[in-house]
Amino acid sequence: MVNDKIDIRNLNVWFRDNHVLKDVSFKIRENAVTAIMGPSGCGKTTLIRAINRMNDLIYGCRTSGDVYIDGHNIYDGNINVYELRRKVGMVFQKPNPFPKSIYENVAFGPRIHKVASGRELDEIVERSLREAALWDEVKDRLHDNAFNLSGGQQQRLCIARALAVKPEIILMDEPCSALDPAATAKIEALIRRLSKKYTVIVVTHNLQQAARISDFTAFLYMGKLIEYGDTKSVFENPHSELTEKYITGKFG
Amino acid sequence: MSGQTGERVIFAILGVPMLICMLIFSWILSLLLTGIGSVRWELLTVSALQGGMFEMIVGTIYLLLGATAIAGPVGILAAIYLVEYAPSRGLTRIIDQAINNLAGVPSIVIGLFGYTFFCRHLRLGVSLTAGWLTLALMMLPIIIRGSEEALRMVPASFKEAALALGATRWKAISSTTLPAAAPGVVTSVILGIARVAGETAAILFTSCVLITRGLPRSPLEPVMALSYNLFVKIVALGTPAQKVFGVALVLFMIVTSLSLSAILLRIHYRKGQPWLMIR
Chain A
1 MVNDKIDIRN LNVWFRDNHV LKDVSFKIRE NAVTAIMGPS GCGKTTLIRA INRMNDLIYG
61 CRTSGDVYID GHNIYDGNIN VYELRRKVGM VFQKPNPFPK SIYENVAFGP RIHKVASGRE
121 LDEIVERSLR EAALWDEVKD RLHDNAFNLS GGQQQRLCIA RALAVKPEII LMDEPCSALD
181 PAATAKIEAL IRRLSKKYTV IVVTHNLQQA ARISDFTAFL YMGKLIEYGD TKSVFENPHS
241 ELTEKYITGK FG
Chain B
1 MSGQTGERVI FAILGVPMLI CMLIFSWILS LLLTGIGSVR WELLTVSALQ GGMFEMIVGT
61 IYLLLGATAI AGPVGILAAI YLVEYAPSRG LTRIIDQAIN NLAGVPSIVI GLFGYTFFCR
121 HLRLGVSLTA GWLTLALMML PIIIRGSEEA LRMVPASFKE AALALGATRW KAISSTTLPA
181 AAPGVVTSVI LGIARVAGET AAILFTSCVL ITRGLPRSPL EPVMALSYNL FVKIVALGTP
241 AQKVFGVALV LFMIVTSLSL SAILLRIHYR KGQPWLMIR
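Going down the list, the protein sequences come from chains A and B.
Numbering-wise, the first sequence is residues 1 to 252 according to our numbering.
Numbering-wise, the second sequence is residues 1 to 279 according to our numbering.
None of these hints come from the bench; they were simulated from the model.
Just so you know, these numbers come straight off a predicted model, no measurement behind them.
Here a beta-carbon is modelled for each residue, glycine too, at the ideal position from N, C-alpha and C.
Fair warning: there could be bad hints in the mix.
Just some of the chain B residues that point at chain A, by a computed CB distance under 7 Å [what the hints assert, rightly or not]:
#, residue
1, A156
2, A161
3, A164
4, L165
5, W170
6, K171
7, S174
8, T176
9, A180
10, P183
11, T187
Excised from the complex, chain B in its bound form (with noise of 0.2 Å):
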């Protein structure tokens, strides 16, 4: 009997905190979808200086494009040089641990190095290039620790067996172990976008003014994002909210449906590789 009473207690614990997310989940819902009607979709596709949206969009997105084309394969090959080359173990772990600190640098710290070193030091002013570099930078413990992790899942003997039939190194990882990897590093890669796809404090100071003439013309030129459209709006022009809930919708749903992908897509790789099941 005391059995079943405990048993109700720790259900109860459990429960009220899930219950709690529930709410909030539906109350954040329920805001989105009364809002969702209230947005004039047209606004997506004007420019900015008719009061739409269109440059932050495109803005945000080549922002996202440029540090996914830096990050993505800096951090894969690092990767793979962590897992695979790296000659002692004690070396790797200083790393992943100077990774793991990275990881947990508050954006606007790294906004602040980024303007610093990569606006002032590097001389490339507030530019769509410093904020590529800045957001790379953010990207990069996600995308690492993620990719390891990824490659550390496919069982040695693959390689192994690739090696023993005269494969040279990077034969065998690439053949092997990589396609194996795959879907992790591919999730650990959109992890990172979806990381900084809403980032704010690390674009504020490195790339972004509120208003352009169109889209840059050239990588070393500023650019329009939503995050920091909703920012300056807010907080510096004091604009009411309900009048940027359009720029914060737009937002969350390319944040939303990046994570989405994420997932769809490690489900679609995961299909046929059953080791991936056995672990």
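Chain A with its partners taken away, still in its complex shape (with noise of 0.2 Å):
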């Protein structure tokens, strides 16, 4: 059974005078992995930003538009967008965990929803690493200052703790672009693994990291929406020849 998560109609984001997206319209597939490309400043990580409403924060920005979510459209009036951003997590480009210790940046997502506490936020805690992978590195060390780990560690942690408030889709905002090339392919591994049970949608500006990791991708272009599809398809044969341009290199 293959559902549609999200589905984004005739998204339009401004930041004062600047129309950022475009009447941007697709529905995100469940439990798969969604590539959002295309060149810098093109928007990609404005539309990510829509789908927890984090431009709302941003002084100056207007949406117009809806983003349903499970049927739910997240730009009505009666949305509780706390609730909504506990259930889309968010990973950012640059690694940023909390100055406070491994266990502690896992363990506040739970703690401010106050889902947990003891034993049981011990296990969710456990359970967070182990699902991004980080869990045998750390297990010895979870009240270590998580500034001490290495910036692929830092980033796998910020992943669980993402994880750790148990969202349905995880939004990652070019995750790779601050690592080296082990530390990538470890993400992207854990990416793969994590579409099993979340929605995924990763802005990358690398195509070889889209072709790798996505089912779906999205090419974005001065803020419209160019193409959609399977990845294998955008690939190998675009629709759109700006997409067939940026795929080969020409411009981008």
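Reconstruct the complex from the two isolated chains, following the hints.
So this is what it looks like as structure tokens:
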């Protein structure tokens, strides 16, 4: 059974006078990896930040159109945006652990949502770290400062931190751009594994990465959705000339 | 060869002022060291009615504690508002500029304002409370600016991560930004205290008297203070300077130890906060 998890309809985003996303509409498949690619400044990050409404926090940002998650419009007035962000986790471009211990980083989400404490919280921390393929590396030093981890480990910690609040969707904003190839490979393998359970959306400007890890690919250019489809067909026979130029490296 | 000469000239230009500072400082230090021996320390706990300093020291501490209790929370909350909540950058800039100007107002002017507004208009009279409010006015700009700076130093990525996990704005700020900014905020409060610890003009008309019968029994009573005592004894009563040296020394030690504790606290807090080193 394949389902669409997210349905984006006529999404427009402005930052003051700057029209960043123009009439973007597409559906994102549940339990799959969807890559969003495009040249710098094309609106990739703005697009995923529209899915957990992080754009709302930017001064001068205006959004029109609808985003449905499981049939609920998240831009409805009565939506609880904190609950939305619990359901839609996010991993940032640069690893950004809190200046706390490894344990406290993962426990942060469950703590603020008051879903667990004590033994139960320990279990959530362990499960999340295992899911993020970090447990074996840190199990003996859970109370060390997270800043002592390597960049790749920090990024996996950030993934574990996002997983700890049991999200359904995980947004990743160029999660490997600050990492070396070995750490990148680990994160990519992790993304593949996570997609069995979660709906993963990965922003990348690395074409090979999009081809390697995603089931579906969207190509954005200057705020417009140029092409969207399963990754194989987007890369092998794109409909749009623009997409073809981009994936053959003629621009971008 | 000429490059080397130029280097020597620059070195001299930079070095001489430094040398002058060192000379002045060591002169003050030697003065202090010779003076310390002649101070009668038992006077610290003797009532002013018997020629001691007890009420002055406690009065000074009362004034500082009260002013801090007012200016600390108000200043920190204002800084949080300005950095995290203020709607428009333009407005914040105007307020920041006003705060800068407030910091530059001479203390005698603030004292005069305190007298007309707190003592007369609000009918607080010459009292501890009027002194607290006046001193708090002087501390506020320092605390607000220092706390603002400390809050702005914290990488926005911490707050963003918390928000993305579903934290409310206040939760994100209070659990990530504030703890990270705490050292700077605490330092700013202590610098604020140090700024007014030796203050005379601001409490001159608002809260001090030369002598009281014991400690003030309510916040509406006037109080004795070391700085005020020095001022009146020398200016009005013409007491020879060496007679009030003990009072000056005690005041000096209180102010210095406050500044020192600010530095120690900052060093202590900076440990284990590596992003402060990166910046």
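Hint by hint, here is what the structure shows:
With its C-beta approaching chain A no nearer than about 9 Å, A156(B) sits outside the 7 Å limit, and its interface hint is violated. The interface hint given for A161(B) holds, since its Cβ lies 5 Å from the closest Cβ of chain A, which is under the 7 Å cut-off. A hinted interface residue such as A164(B) counts as satisfied when its beta carbon comes closer than 7 Å to some beta carbon of chain A; here the least separation is about 4 Å, so the hint holds. Because the smallest distance between the Cβ of L165(B) and any Cβ of chain A comes to about 4 Å, under 7 Å, the interface hint for this residue holds.
For W170(B), the shortest C-beta to C-beta distance to chain A is roughly 11 Å, which exceeds 7 Å, and the interface hint is violated. Restraint check, K171(B) versus chain A: the minimum CB separation of about 6 Å is within 7 Å; hint holds. A cut of 7 Å between beta carbons decides the hint on S174(B): the least distance to chain A is about 10 Å, and the hint is violated. At its closest, the beta carbon of T176(B) sits 6 Å from a beta carbon of chain A; the interface hint therefore holds under the 7 Å criterion.
Here the hint on A180(B) is kept, as its CB sits about 6 Å from the closest CB of chain A, short of 7 Å. Interface restraint check: P183(B) against chain A, minimum CB-CB distance 12 Å, threshold 7 Å, status violated. Given hint, T187(B) at the interface with chain A, is violated; its Cβ is 18 Å from that chain's nearest Cβ, farther than 7 Å.
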